[in-house]
Amino acid sequence: MNMSDSDKKLHNPTMRVINILEEIDKSPNGLTLSELSERINSPKSTILPILHTLLLNGYLDIDEKLRYKIGIRTFLLGVSNYLDLRGLKIIEKEMESIVEACNEVCQLGKLVDFDVLYLAKVDSNQPVKLVSSVGKRLPAYATALGKALLSGCSDQEIREHYGDKLKPFTSKTITDVNVLLQQIQEIRKGKLAHEFGEINDEIGCIATPLKRGSEVVASISVSFPLYRATNEKLQLIETTLREKRPIIDELIEKLNIVL
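Quick note on full-length UniProt numbering: the sequence shown kicks off at 1 and runs consecutively.
Calculated from the structure, these hints are not laboratory results. In this text the structure is predicted, and so the values were computed from the model without any measurement. Wrong hints could be hidden among the right ones.
[Stated by the list, open to error] SDA-like cross-link-like pairs, simulated, lysine to any residue; straight-line CA separation at most 20 angstroms:
hint : residue 1 : residue 2
1    : LYS110    : GLN126
2    : LYS191    : LYS254
3    : LYS167    : ASN29
4    : LYS93     : LYS189
5    : LYS110    : ARG242
6    : LYS254    : GLY213
7    : LYS44     : GLU23
8    : LYS167    : GLN183
9    : LYS167    : LYS189
10   : LYS211    : LEU119
11   : LYS93     : LYS65
12   : LYS69     : PRO28
13   : LYS254    : ASN29
14   : LYS189    : GLN235
15   : LYS93     : GLU238
16   : LYS110    : GLU250
17   : LYS65     : ILE50
[What the hints assert, rightly or not] Using C-beta positions, here's what the derived DEER-type ranges look like:
hint : residue 1 : residue 2 : range
18   : SER42     : LEU181    : 39 to 47 angstroms
19   : LEU226    : MET15     : 37 to 45 angstroms
20   : GLY190    : PRO13     : 51 to 59 angstroms
C-beta atoms are modelled at their ideal positions from N, C-alpha and C, and glycine is treated no differently.
Go ahead and model the full structure; you've got the sequences and the hints to work with.
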């Protein structure tokens with residue numbers, strides 16, 4: 001059906017909502033009201049009622065610094081047509097047992113356009129502030145979860161996407177693609193992915209790929225504040241992830257879980 005000229009005209013209030021969601025989605029740390037107003041060139045008084053409505057309905061979240069972030073309902077809208085929510089619940093049960101063993105946060109993610117898309121999170125009873133949250137996307141090269149996912153890509157694919165220079169988030173972020181590829185080679189050999197202060201200088205993370213056959217379909221991680229990263233704690237996390245990896249791989253294979 002051909003659209004008339006009037007049908008092709010954009011509805012400005014609707015476009016404003018779309019622009020708000022897209023700008024916030026592009027900002028891993030969220031945006032304040034002032035930052036968002038500047039980004040979309042719209043007055044604060046105009047966008048504040050929209051933000052309030054999206055917040056009340058779960059399409060946005062807001063943190064203690066008054067930064068708006070993508071909410072769980074926006075995330076679920078995006079994934080519900082292709083994500084196996086039944087399978088996700090099954091994997092979350094295994095994540096809960098990881099949290100019980102380690103008493104640290106466990107997260108699940110998949111690779112989307114060389115970003116980690118966070119699919120699930122199980123909290124521990126210990127305080128930890130993470131940059132990531134369910135529905136967020138972060139650059140894969142700067143996270144253990146992402147490095148585990150990148151182990152399923154070829155070196156050529158990684159080089160073509162990143163080039164020679166990687167953007168630093170902290171002083172510890174890997175900025176040399178060759179160093180990144182060295183770490184990924186070790187993960188392909190069966191080692192775990194590690195990250196200590198590369199995306200958030202106070203947080204560490206250990207992760208492992210999850211596979212269907214030989215294909216990396218997701219990854220799972222345990223995150224912790226660096227001040228709790230004792231040798232004993234790190235060994236516990238590594239042992240737990242190694243024990244759980246084949247169990248979750250088998251669930252993905254036998255139950256045909258799509259992530």
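Broken hints, by number: 1, 2, 4, 9, 11, 13
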